[in-house]
Amino acid sequence: MTPEARGFGIYIHWPYCSRICPYCDFNVFVARRGEQEPLIDAVRADLRGWRERTGPRAVRSLFLGGGTPSLLHAHQVRALIEDVDRLWGFEPEPEITLEANPDERGRLADFASAGVGRLSLGVQALDDERLSFLGRTHSAHDARAAFDLARSAFRSISVDLIYGGPVSVRGGGASAEAWTRELRDAIRLGPDHLSLYQLTVEPGAAFAREVRKGKWRPLDDDAAADLYDVTEDVCSAAGFAGYEISNHARSPSHISRHNRVYWRSGDWAGVGPGAHGRLTSEGVRRATEAPDRPADYVAAVNTTGWGAAVAEPLTTLDIARERVAMGLRLLEGLPATDVEELGLSFDTAGLKRSLDAGWLTETPVGVRLTRSGRLVADHVAGLISP
Amino acid sequence: MTPRDKIRNFSIIAHIDHGKSTLADRLIQMTGGLTAREMKEQVLDSMDIERERGITIKAQTVRLDYVARDGQPYVLNLMDTPGHVDFAYEVSRCLAACEGSLLVVDSSQGVEAQTLANVYKAIDVDHEIVPVLNKIDLPAADVERVRQQIEDVIGLDASDAVQISAKTGLGVEEVLEAIVTRLPPPKTGDPAAPLQALLVDAYYDLYLGVVVIVRIVDGVLKKRQKIKMMRTGAAYELDRVGVFRPGKLADVDQLGPGEVGFFTASIKAVADCSVGDTITEERRPTAAALPGFREVQPVVFCGLFPSDAAEFEDLRAAMGKLRLNDASFTWEMETSAALGFGFRCGFLGLLHLEIIQERLSREFDLDLIATAPSVVYELRLTDGSSLELHNPADMPDPVKISEIHEPWIEATIFTPDEYLGGILKLCQDRRGVQKELSYVGARAMVKYELPLNEVVFDFYDRLKSISKGYASFDYHLIGRRLGDLVKMQLLVNDEPIDALSMMVHRARAEQRGRVMCEKLKELIPRHQFKIPIQAAIGGRIIARETLSALRKDVTAKCYGGDASRKRKLLDKQKEGKKRMRQFGRVEIPQEAFVAALKMDED
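Listed in order, the protein sequences are those of chains A and B.
Each residue of the first sequence is one higher than the one before, counting from 1 in our numbering.
Each residue of the second sequence is one higher than the one before, counting from 1001 in our numbering.
Hints may be right or wrong, so weigh each one.
Here are the simulated DSS-like pairs of lysine-lysine, each with C-alpha atoms no more than 27 angstroms apart in a straight line [claimed, not checked]:
hint, chain 1, residue 1, chain 2, residue 2
1, A, Lys352, B, Lys1574
2, B, Lys1521, B, Lys1577
3, A, Lys213, B, Lys1557
4, B, Lys1248, B, Lys1223
5, A, Lys215, B, Lys1557
6, B, Lys1572, A, Lys352
7, A, Lys352, B, Lys1568
8, B, Lys1572, B, Lys1521
9, B, Lys1425, B, Lys1519
10, A, Lys215, B, Lys1521
11, B, Lys1557, B, Lys1568
12, B, Lys1468, B, Lys1167
13, A, Lys352, B, Lys1521
14, B, Lys1519, B, Lys1557
15, A, Lys352, B, Lys1578
16, B, Lys1577, A, Lys352
17, A, Lys213, B, Lys1519
18, B, Lys1578, B, Lys1530
19, B, Lys1435, B, Lys1447
Facing chain A, a subset of chain B residues (Cβ under 7 angstroms, in silico) [what the hints assert, rightly or not]:
hint, residue
20, Gln1528
21, Leu1550
22, Lys1552
23, Val1554
24, Ala1556
25, Lys1557
26, Gly1560
27, Leu1570
Hints are computed from structural coordinates only; laboratory data are not their basis.
By construction, the Cβ of each residue, glycine as well, lies at the ideal position given by its N, Cα and C atoms.
Please model the complete structure; the sequences and the hints are all you need to start from.
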């Protein structure tokens, strides 16, 4: 498959938040006055830098993530969308996504007018106790209100929820009954897409310190596996197909095209502080990485005209391993050609073990994870990848 | 040739960290042996491992020229000795080649167990001993107390102990004078007599081949001379004769009575040189051989296997090279059902084992799996015969065994008072029998008889942690005793893991089995099925854990930024896979073999 066929997307990282959530280990900073404008200018210059390096390509998806990009003004978002359109041009019916917090619900419609067609709403929970454990500033009521305000403005709305917290904490979200109720509530809102993430205690996040100090213990793997099963059951009963480990769409047209670029190992421009990208040109695939601190990023763009301070060439083996680790997550499975066209093949012993364990099943073109296999996707990737 | 009365051969006895190497460096510097630029920290410890750990493994010697206050030039031969108990045989050799010793004691710490063991060895060979109190510049120094301690514990007159700071150089001049005035020159020696020289040690040099360290008693040793080793009967013609100058070898025309130096003679391996042998002339042999040294016997054994079976030949070659330099380390081939081809190796002690393993992995870039260390048991069989058991895997059917005898040691431990309780409990738990408990000031000295197999695992680590590093420890073997010992096996998914089987005392088996099962449960990654982990004696299960099946191992989120992270995780997984060993359907990471043996206690 050509790199073009795998798609080309643009990810813009807006790193500022009004406060940092305790589970988050993304590259985020508390917003301060006077920092936004220079960063917007640098992001726009960085887009030009990327255009010089990618050459002319049609953009399948533009994703404004963060951080909290809904802290941007609508006119800034519009300018970014117009930049991308002018520099590259979009594919027909492009996907333009903005991540938003329910706190910004009053301004959501403005983003739609600015050109955003898909909203990814950071609801995280529909239970006030859980929201407070997760360090969120909005209430369940705020989240519902935000959804209702956005519904008519956007072509597609995705709702993010985090589940599977500690047993010992009120609002931990460990009980199957409570989670089923909450998930059904979320579905009843009428979203087009659900991203349902099990709480992961990331080493750099505030939760990791709490766990280290013994304040609470993460859910054990068996209980987490049970909750995952509950999630799949509730979603499929409601007609939401789980097309990836944690992502579900109401219909194929609502599958996130942007994430598919990642999972199918396409190219994407990673723009903004700490953003990662992939760029294939002249037969070499490179992994790019922009400096984390906004000031360093701005300085990099100003000196080199490009934000990617690192552009490490990937070996064929690197590429194959990324394709397996990312591609295996999709329900449609992984075509054997993904590794074979690189002159490599699946690990025979690992493949056999995964099939024997019932984690993997063969498809006409390759392999696909089973329900039990989806829970050990990382392990299976390690087994089968070259 | 140096006139005999101008020669002083001496060694330095000190506990680790009491400043032996620093003093040696200072002596070298003050006698102009090395310019400041040439001076690396601790010149004598030349192996990387020695520098990093601050220990001496191989004996070293260096010749210094010193013009004393009497205006006369003297030749001082410093023989540096290892401090650790595992290398006690090196100490004995050095001492036999000298007439006197400096006893260096840290004046803020006092006498330690190793000091005591080594100073007694020096007294046994009639050394003149000059006490040196080091680190007197430290605020914690208590010269009077330590002086008193030397008199009380060792029984040496310490009234004219030299007070120094090797670090700053304070008082070191006095040490040089004391060597000249208070230590005796070599006692006898006739340059015209047939050659009689002691083979002190030998080491392998990449460029020179085997270099033999000798101490001349009678006669002279010179270039092109034909010599004979009296014990092995081998004859050689000498290539080079010389002395050890700091950092280099210097050729001399000849070495005369009382002198210490080296020769080379196209000798292939260190093992061809029998340490303690007498060297004489081929044509005109001396009448009597010098009293030799007791042969050293390995006391701790373990299996070493390459983690990648393809590296077996590399391992064999590496061990051969190490043996060029260290004849005290022995091995024979071993085959393990689980680990493939490897070697059963014998060591002088645990530190020796650790050092050899470290040198194999560091100098030869080998990845090794080491099995549980074991001591040598004597098995008396029902048919009246007996055999030595080096490897629990070779244990005969228990019904054929009438008695098992295990080696015991006498351990001497010095410790600050506050840790005594913990140390006594440790010794008691390890089946120790208390022999003596006495106090010197705020420090206690305890002597315990202990089974060696209770010490080889982690006794020293435990002792260090109980005493926060303040206790010191030395031991010697005192023979074998009858023991109620059994072979404990570890079974993973019902497969016995021979690399982890061990001999344990019956009363300690259950506790040790439980700890091992718990450890393995943490160390073995989860599989797609449940894995029982059991400890067993014969067919009887004495401890059991169950590793539950792997059900979840996936990150929920996966964004573009995760691609690199996932790839690196996968690289690591693939790398780790290479270090896995297959036991039936179960994969065990090789780290588990080492880590399972580190007992956290009890």
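Hints, verified against the model:
| no. | hint | in the structure |
| --- | --- | --- |
| 1 | Lys352/A to Lys1574/B | holds (16 angstroms) |
| 2 | Lys1521/B to Lys1577/B | holds (18 angstroms) |
| 3 | Lys213/A to Lys1557/B | holds (25 angstroms) |
| 4 | Lys1248/B to Lys1223/B | holds (18 angstroms) |
| 5 | Lys215/A to Lys1557/B | holds (24 angstroms) |
| 6 | Lys1572/B to Lys352/A | holds (21 angstroms) |
| 7 | Lys352/A to Lys1568/B | holds (23 angstroms) |
| 8 | Lys1572/B to Lys1521/B | holds (21 angstroms) |
| 9 | Lys1425/B to Lys1519/B | holds (23 angstroms) |
| 10 | Lys215/A to Lys1521/B | holds (25 angstroms) |
| 11 | Lys1557/B to Lys1568/B | holds (16 angstroms) |
| 12 | Lys1468/B to Lys1167/B | holds (25 angstroms) |
| 13 | Lys352/A to Lys1521/B | holds (25 angstroms) |
| 14 | Lys1519/B to Lys1557/B | violated (32 angstroms) |
| 15 | Lys352/A to Lys1578/B | holds (17 angstroms) |
| 16 | Lys1577/B to Lys352/A | holds (16 angstroms) |
| 17 | Lys213/A to Lys1519/B | holds (23 angstroms) |
| 18 | Lys1578/B to Lys1530/B | holds (23 angstroms) |
| 19 | Lys1435/B to Lys1447/B | holds (5 angstroms) |
| 20 | Gln1528 | holds (4 angstroms) |
| 21 | Leu1550 | holds (6 angstroms) |
| 22 | Lys1552 | holds (4 angstroms) |
| 23 | Val1554 | holds (4 angstroms) |
| 24 | Ala1556 | holds (4 angstroms) |
| 25 | Lys1557 | holds (5 angstroms) |
| 26 | Gly1560 | holds (4 angstroms) |
| 27 | Leu1570 | holds (5 angstroms) |
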